[in-house]
Every structure is written in C-alpha cells, then in structure tokens.
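Working from the sequences, and respecting the hints, build out all of it.
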Amino acid sequence: MNDDYATLQLTEDGQLRNFISIRGLPKSILEQILDTAASFVDVGGRDIKNVPLLRGKTVVNLFFEPSTRTRSTFELAAKRLSADVLNIDIARSATSKGESLMDMLRNLEAMASDMFVVRHADSGAPHYIARHATPNVAIINAGDGRHAHPTQAMLDMYTIRHYKGGFEGLTVAIVGDILHSRVARSQIYALRTLGAKEIRVVGPKTLIPTAIESMGVNVFTHLEEGIKDADVIIALRLQKERMDSALLPSESEFFDQYGLTNERLKVAHPEAIVMHPGPINRGVEIASEVADGPRAVILHQVTFGIAVRMAVMSMSMGGREAERNAARRQQEAQHVR
Amino acid sequence: MYAKTQLLIRQARIIDPSSQRDEVADLLIEEGRISRIGASLDGRGADIINAEGLWLLPGLVDTCVHLPEPGHHRAGTIASETQAAAAGGITHVCAPPDTDPVADSTAVIRLIRERAAQTALARVLPLAALTQGLEGLQLAEMQTLKEAGCIGVSNAGQPVANSLVLKRGLEYASTFDIPVMFRPQDASLSQGGCAHDGPVATRLGLPSIPAVAESLDMARILHLVEHTGVRAHFYQLSSADSVALLRSAKAKGLPITADVCVHHLLLDETAVEDFNSDCRIDPPLRSQADRKALVTAVADGTIDAISSQHKSLGSSAKLAPFPSTKPGISGLETLLPLVLKLVNAGELPLTRAIDALTRAPAVCLGINAGHLEAGRRANICLIDPNQQRLPRDKWQSAGRNSPWIDTHLPSKQVLTITDGRITWDATTP
Numbered sequence: 206m207n208d209d210y211a212t213l214q215l216t217e218d219g220q221l222r223n224f225i226s227i228r229g230l231p232k233s234i235l236e237q238i239l240d241t242a243a244s245f246v247d248v249g250g251r252d253i254k255n256v257p258l259l260r261g262k263t264v265v266n267l268f269f270e271p272s273t274r275t276r277s278t279f280e281l282a283a284k285r286l287s288a289d290v291l292n293i294d295i296a297r298s299a300t301s302k303g304e305s306l307m308d309m310l311r312n313l314e315a316m317a318s319d320m321f322v323v324r325h326a327d328s329g330a331p332h333y334i335a336r337h338a339t340p341n342v343a344i345i346n347a348g349d350g351r352h353a354h355p356t357q358a359m360l361d362m363y364t365i366r367h368y369k370g371g372f373e374g375l376t377v378a379i380v381g382d383i384l385h386s387r388v389a390r391s392q393i394y395a396l397r398t399l400g401a402k403e404i405r406v407v408g409p410k411t412l413i414p415t416a417i418e419s420m421g422v423n424v425f426t427h428l429e430e431g432i433k434d435a436d437v438i439i440a441l442r443l444q445k446e447r448m449d450s451a452l453l454p455s456e457s458e459f460f461d462q463y464g465l466t467n468e469r470l471k472v473a474h475p476e477a478i479v480m481h482p483g484p485i486n487r488g489v490e491i492a493s494e495v496a497d498g499p500r501a502v503i504l505h506q507v508t509f510g511i512a513v514r515m516a517v518m519s520m521s522m523g524g525r526e527a528e529r530n531a532a533r534r535q536q537e538a539q540h541v542r
Numbered sequence: 002m003y004a005k006t007q008l009l010i011r012q013a014r015i016i017d018p019s020s021q022r023d024e025v026a027d028l029l030i031e032e033g034r035i036s037r038i039g040a041s042l043d044g045r046g047a048d049i050i051n052a053e054g055l056w057l058l059p060g061l062v063d064t065c066v067h068l069p070e071p072g073h074h075r076a077g078t079i080a081s082e083t084q085a086a087a088a089g090g091i092t093h094v095c096a097p098p099d100t101d102p103v104a105d106s107t108a109v110i111r112l113i114r115e116r117a118a119q120t121a122l123a124r125v126l127p128l129a130a131l132t133q134g135l136e137g138l139q140l141a142e143m144q145t146l147k148e149a150g151c152i153g154v155s156n157a158g159q160p161v162a163n164s165l166v167l168k169r170g171l172e173y174a175s176t177f178d179i180p181v182m183f184r185p186q187d188a189s190l191s192q193g194g195c196a197h198d199g200p201v202a203t204r205l206g207l208p209s210i211p212a213v214a215e216s217l218d219m220a221r222i223l224h225l226v227e228h229t230g231v232r233a234h235f236y237q238l239s240s241a242d243s244v245a246l247l248r249s250a251k252a253k254g255l256p257i258t259a260d261v262c263v264h265h266l267l268l269d270e271t272a273v274e275d276f277n278s279d280c281r282i283d284p285p286l287r288s289q290a291d292r293k294a295l296v297t298a299v300a301d302g303t304i305d306a307i308s309s310q311h312k313s314l315g316s317s318a319k320l321a322p323f324p325s326t327k328p329g330i331s332g333l334e335t336l337l338p339l340v341l342k343l344v345n346a347g348e349l350p351l352t353r354a355i356d357a358l359t360r361a362p363a364v365c366l367g368i369n370a371g372h373l374e375a376g377r378r379a380n381i382c383l384i385d386p387n388q389q390r391l392p393r394d395k396w397q398s399a400g401r402n403s404p405w406i407d408t409h410l411p412s413k414q415v416l417t418i419t420d421g422r423i424t425w426d427a428t429t430p
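Protein chains in written order, with the working numbering: chain A, 206 to 542; chain B, 2 to 430.
Calculated directly from the structure, the hints in this document are not laboratory data.
Don't be surprised by glycine CBs; every beta carbon is placed ideally from N, CA and C.
Hints are not guaranteed to be accurate.
Stated by the list, open to error - Across the chosen pairs, the derived CB separations fall in these ranges:
| # | chain 1 | residue 1 | chain 2 | residue 2 | range |
| --- | --- | --- | --- | --- | --- |
| 1 | A | N530 | B | N51 | 43 to 49 Å |
| 2 | B | K395 | A | R311 | 39 to 45 Å |
| 3 | B | E172 | A | E430 | 51 to 57 Å |
| 4 | B | A162 | A | D461 | 32 to 38 Å |
| 5 | B | R75 | A | D461 | 50 to 56 Å |
| 6 | B | R75 | A | D497 | 54 to 60 Å |
| 7 | B | A346 | A | S287 | 44 to 50 Å |
| 8 | B | H228 | A | D209 | 46 to 52 Å |
| 9 | A | D449 | B | Q139 | 29 to 35 Å |
| 10 | A | R311 | B | V213 | 38 to 44 Å |
| 11 | A | M316 | B | K395 | 36 to 42 Å |
| 12 | A | P454 | B | K395 | 43 to 49 Å |
| 13 | B | F177 | A | A451 | 37 to 43 Å |
Unchecked claim - Computed far set for chain A versus chain B, every beta-carbon distance over 10 Å:
| # | residue |
| --- | --- |
| 14 | M307 |
| 15 | G329 |
| 16 | A330 |
| 17 | H352 |
| 18 | K445 |
| 19 | E458 |
| 20 | H474 |
| 21 | A527 |
Printed below as a string of structure tokens:
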C-alpha cells in the first residue's frame, strides 16, 4: 500500500511530479529538494529576486482552510519563480454552495492551471485531488488535516542541515501536541528517511496518538527525559481549543510541565538548537527567553521556507513537463508507425 | 415470475446445516414448495435444472441490510436493493429503523411492508425504533409496532446514551417479549472519528474511533440485559474485547446472540492505508488481532451470524476526501462469495460458514427460515463454487460503493428462489 504514496508522487523514472507527503519519497529526492533550495536561498538576497523557471505557468493557491502565513510564502515562492499566481480562498464557501470539490477542480483545470497548492482541513484531501485531477496539473500539499505538511517539514530539515551539517547521529525531540500535528508526522518521516539517529516525541498522553511508536519514534511523557542530550528540539504550537476538549487543564499547567525554558534546556546537548513551526505562543510552549535566545533558529526557518517551496514547485513542474514530453514523444512515435 | 409448477434441481451438492445435510441429491419443487429431497427423483413433467457441480443452500438470511426507503432515494429503492439481495442468494433481509423518517410509527412500518409487498425480491423484515426518532429520550410504541409487523426494536447506530432510558426501554421490551438489537458504540468516544484508533489512523492523521468505544457500551448493555432478561442481539461487532465480553456473557447463560459484518472478517485497518474510502465503514475496520478474534469467534459459534451490513450510497457519497465521505459498503451481492473466500483460505469450516448465513441468523432474528424442509415454501440459493470475476455491468445494487466490484470472487450466483418465486436466474448464460 505504501507504493501508492510513491506512484502518486513520482514519475516513472523517479522524478518528483506531485509533493503530497514525505512518505513514499526516497532519500535522494529529499536531498535534491534541500540542495535545490540551497541554490534559491541566495535569490532572496539579490536585487532582482526572480528566476524564470516557472515563467508562463499558472499556480493556483487553493486554500480550503484560512492561512495567511503559509499562503504568503507559497505566493512569494511562485512569484520568485516568475509564475502567475491565482489565490482562491474557498474556506468552504464554494463547496458549501453545493459545488462539489470535483466540479470546482474541473473549472480550474479549464483555466489552464499548471499547479494546485492545496490546504484542506481533511486529512487526505491532496491525495483525493491528485487521484482525480488531470495529470497535467502538479499538486503541492500545503497542509491537510492532521496528515501531512511536507513543505514545512522540509524547511525544518533544511534548517537542521544548515546548523548541524547533516542528520547522522542526531537526536531530535518533538515536543507538545503531537496528536493534532501534521507537521510532526511529516517531520518524523523526513527525519527517518534522512537518517537521524533517534526521533523522540514528548508530551502528555492526551496529546500522543495511539501506536505512534510504529512510526519509528520513542515516546516520552516527561520533558527533561525527552530532551536529555537532544541535538534538536522542536516545539509545536498548542492551539487554544485543546483546553475546551479536555485534553489539557490549562495553558499554564502545560507550560509548567512542557514549556521550554533555559533552565530545562540545560539537560539538552550544549549546542542544541530550538525550532518552532510558528506562530509561537510565548509562555505556553516556549518561554520568551528561549524564543529570543541564542539557541532559537525560528526566524531563519521562515527565510528558508520560501527557498524550500521554490525548490518543490520547480522540481514538480519539471517532473510534469518531463512526463508530458515523454507522452508526446510516445504519441508521435505511434503516428510515425 | 412464479416458479414453474414443477422444478427439479438435479445432482446438486445440498448443504443444509440445520439438518446436517451435505450430500449430492435432487430437490423437487412443486407449486413453490419443496416437495422432496432425495437421490434420483422422478422428474417427469417437471422443468429440470442440471446442477451437477453446483451447490444448493437454504436461502440466506441477512441480519443487517440498510434499505434506502423511505428517505434515501439517491441510494436506490427497496426494489433495487432486494434485487441485489436476490443476486446474492439472500432471501430474507432484516432492515434497521434508521430510515427517513425513522421507523418509529406504524405508518412507516406499514409503508415499508407495502413497498416490500409490491416491489421486493426478498422477504423484508423491518426493525422498529426503540426510542422515538432514535433520540434516546422517549420510548417508541413497541407493542403497537410489533403488531404492525416489526420483528424487533433497535436504536440502530445511535445508542441510547441515557442509561435510565435504556434500562426502562429494555424492561418494557421484555414485558412484551420483543427482542432488542444493539449496535454498541459510545457516542462521545466515537464522535467525529472515521478510522480505527491504531497505527494506520495515526500515520494518516485521521480522527479515530477506539475499540473501547464499542466494548464500553457493550458492557453497559450486557449489565442491563442481565438485569432485565430481555432477548438481545448484538450486531456488527468489530473488536476482540467485544468478543471476550460476548463469550463470558454467553457462558453465564444470558439470552443473547451476535453477528459480525463479513468485511470485518476479511479486512483490517490497513485497507484504508491509502485513504481508500471504499473501505470506510462504521464501525471501522480494526486491527489484525481484532480480525482474527472475530474469525475465531465465528468458527467456534460465539458469534452466531455473518451479515453484509449492506449500505447502498449515492454516487457522490464517496467523492470527497476520506473524512468527508460517508461510511458504508454495498454488500448484498458479495456476502456469500466473501464468506467462501474465508473458507477457501482455511479460516472457517464450510458447514459453520454456511450455518452462519442460514440457520444461525434466522435464530438471531427469531424467524422460521434458513433451512430446507419438505412442505415449506422454497427459499433456495444455488451457486457455482468456481472463481468468477464480478463485472461492474452485472452489479445490481444502486450503490456502486464496494471495493470488490471487478475483483475475482470464489463463487457465482446461479439461481435464487424466494418464497417459491424465482428472483434470480442465471441458469442460461
């Protein structure tokens, strides 16, 4: 069944054509994304920030769930690749009017779109769209339910490689609301594929999903044990509504037990870095002294995010083009016969 | 379409667990009734079906078939779905009360019975609601509904959360000896879930339903069954914990029976690994250990019957991302082939498997069916036990929501006779 994740994302000769989940992608593709992103990091610092890789292409940001930050970084990434960008904030308006997701996709395809960047509250929505959309459109997952947020995970990997030089021998602790986190799930797959030594998840039992050990992680319920000697500590954002559903008593108790403070970080590796997918809740999952301190690399993550998204978009478009050209050649060859 | 005056089915392997019959013999039907079963019957004047190599079983009894009428016309009709039943060798279908409107009044029960009398190709056995509107607050008029023709009461997929209402409902039902069917599931533990709470749902980030949602509610119901002495049937059990509860309750001598949906015997949580919504059902497919416990329980008779849990859905029901799709599999046409798949895999003995589709479910429902008996109206299922592909264009149910369409299945339905009437005939290819 895992094959489906691969066939949905890769061309026959193993190039990226959709970017839906880290699962199903080989180490070589993840490394290619990181290397390609490295070449784009400089683009942001130049006077002319654009490269022409996606000139003449139309990228549609399909956001079924509101998100200013992620949408802006995708928009910026597409524009730096010289693509035309169409932003559609559905937020359930069109589909609630009775237009089915399928009909809406057909309409957008008719506008000669080349790429859909999809954010949806349902786990599996990009899978569904990739299976039902025409093969001419590349699908990029910008976050689906609790399932995956692969571009966020790749920018985190970029950040880790930037600061640690690689993944071998690294111990990475992911702290907080694992249960609801698509970011954590994608990070786990990425860290495993890239060869981290140990992946830990840390949190109260209410926020640790059933059988998460099967994903190849070690579970810790006490923070100090979980971050002991860790090289990388990733704090996840805690949503306020978790208190309403009896998952936690209060923000302050969560901070007392799981909040990252300088005192607690003493047990981590002396050169440990602290990451956070943002936006941060100061005094909930992380103390200000840590967020603003020397270990935190949170703002760099944002910069790298644009480069990683440029990499993923240009690679998937490349895979699509290669596939389309191959199909055309095959058709022409048949005509000759 | 009444059967010819005389029909002789010759040289079939006749398997009837209720009479421990498993032999090659002839079966003669006269004026819709089974007149004789025996070696080399005289077929003069009769139409003859040469059934050499075929298997003849009692018409199958299905304990849980969601019928789309009234209220769900996009998912088909009583006519279309009982046609599917006939195509699957099923002659008796028990229909839960979660129709629209809910079957909590004599008007709805009568409507279902009238529609069935006019259009159905299977015997339709309706259940009525235990509480009004299935809301779990006020009792439905059970005795009146029984007189109108329901065979039992149930709150279907909406278990009564208030234990006082449940206790009184069971006391009242037992007063009139009305059997109660339960689908145990704690609403607060299952709310919003769409997959089994296990490694697959964790990997896919799907909101989940833990196995304890079922066993917790089942334990509560069992205590009240013991207290009230009501006749109870549990349907669609899905977990090893539920099996353990059932086993110990039966050992205590409680008046209970149970069934399992065939898909839970064949598939586990990994069937939805790639967001395959065709395999989304409620309760969800659970772990491999749960599946094995269910199969063992069927084999040793702890779980009495196997049902299709048929639910035909309109074409748009599965056209959405997984969590937004509707649960359910259209399953009438694949019930027997899938059970034979388990037999062929060595997981179930043949006689017990056929028993779980014929005699046992009839006992669960308290009806006189599921056996072959001279003098009674003929209910017969004749199959070719050789592997066949099930092509899409031969599919009868209005709902195409099945993971098994276009796959190879271990048998093909040849002939179905329901109450003496031929309801499916593929004797001439």
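Here is what the structure says about each hint:
Remark: the range hint 43 to 49 Å for N530(A) to N51(B) is contradicted by a beta-carbon distance near 60 Å. A hinted range of 39 to 45 Å for the beta carbons of K395(B) and R311(A) is inconsistent with their spacing of about 30 Å. Between E172(B) and E430(A) the Cβ separation comes to about 53 Å, which falls inside the hinted range of 51 to 57 Å. Taking the beta carbon of each, A162(B) and D461(A) are about 35 Å apart, inside 32 to 38 Å as hinted.
In this structure, R75(B) and D461(A) meet the distance hint of 50 to 56 Å, their C-beta atoms being roughly 53 Å apart. At about 58 Å, the CB distance of R75(B) to D497(A) agrees with the hint of 54 to 60 Å. The supplied range of 44 to 50 Å is broken by A346(B) and S287(A), whose beta-carbon atoms lie about 57 Å from each other. The supplied range of 46 to 52 Å is met by H228(B) and D209(A), whose beta-carbon atoms lie about 50 Å from each other.
In this structure the supplied range 29 to 35 Å holds for D449(A) paired with Q139(B), their Cβ-Cβ distance being about 31 Å. Look at R311(A) against V213(B): about 43 Å separates their beta carbons, and that is inside 38 to 44 Å. At roughly 40 Å, the beta-carbon separation of M316(A) and K395(B) lies within the given 36 to 42 Å, and the hint holds. One distance hint, 43 to 49 Å for the beta-carbon pair P454(A) and K395(B), is violated here, with the actual separation near 58 Å.
Evaluation of the 37 to 43 Å hint for F177(B) and A451(A) yields a pass: the beta carbon distance comes to about 41 Å. The claim that M307(A) lies off the interface is violated: its Cβ sits roughly 6 Å from the closest Cβ of chain B, which falls inside the 10 Å cut-off. A Cβ of chain B approaches the Cβ of G329(A) within 10 Å, the least distance being about 4 Å, so the stated non-interface status is violated. With a least CB separation of 4 Å from chain B, A330(A) falls inside the 10 Å interface cut-off, contrary to its annotation.
At roughly 4 Å, the least C-beta separation between H352(A) and chain B is not larger than 10 Å, which violates its mark as non-interface. Remark: the non-interface label on K445(A) is consistent with the geometry, its nearest Cβ contact in chain B lying 19 Å away (cut-off 10 Å). Non-interface status of E458(A) relative to chain B is upheld: no Cβ of that chain comes within 10 Å, the nearest being about 23 Å off. H474(A), annotated as away from the interface, keeps every beta carbon of chain B farther than 10 Å; the closest lies near 28 Å.
With 10 Å as the threshold on Cβ separation, the claim that A527(A) sits away from chain B holds: the shortest Cβ distance comes to roughly 25 Å.
Checked against the numbered hints given earlier, the structure breaks hints 1, 2, 7, 12, 14, 15, 16 and 17 and satisfies all the rest.
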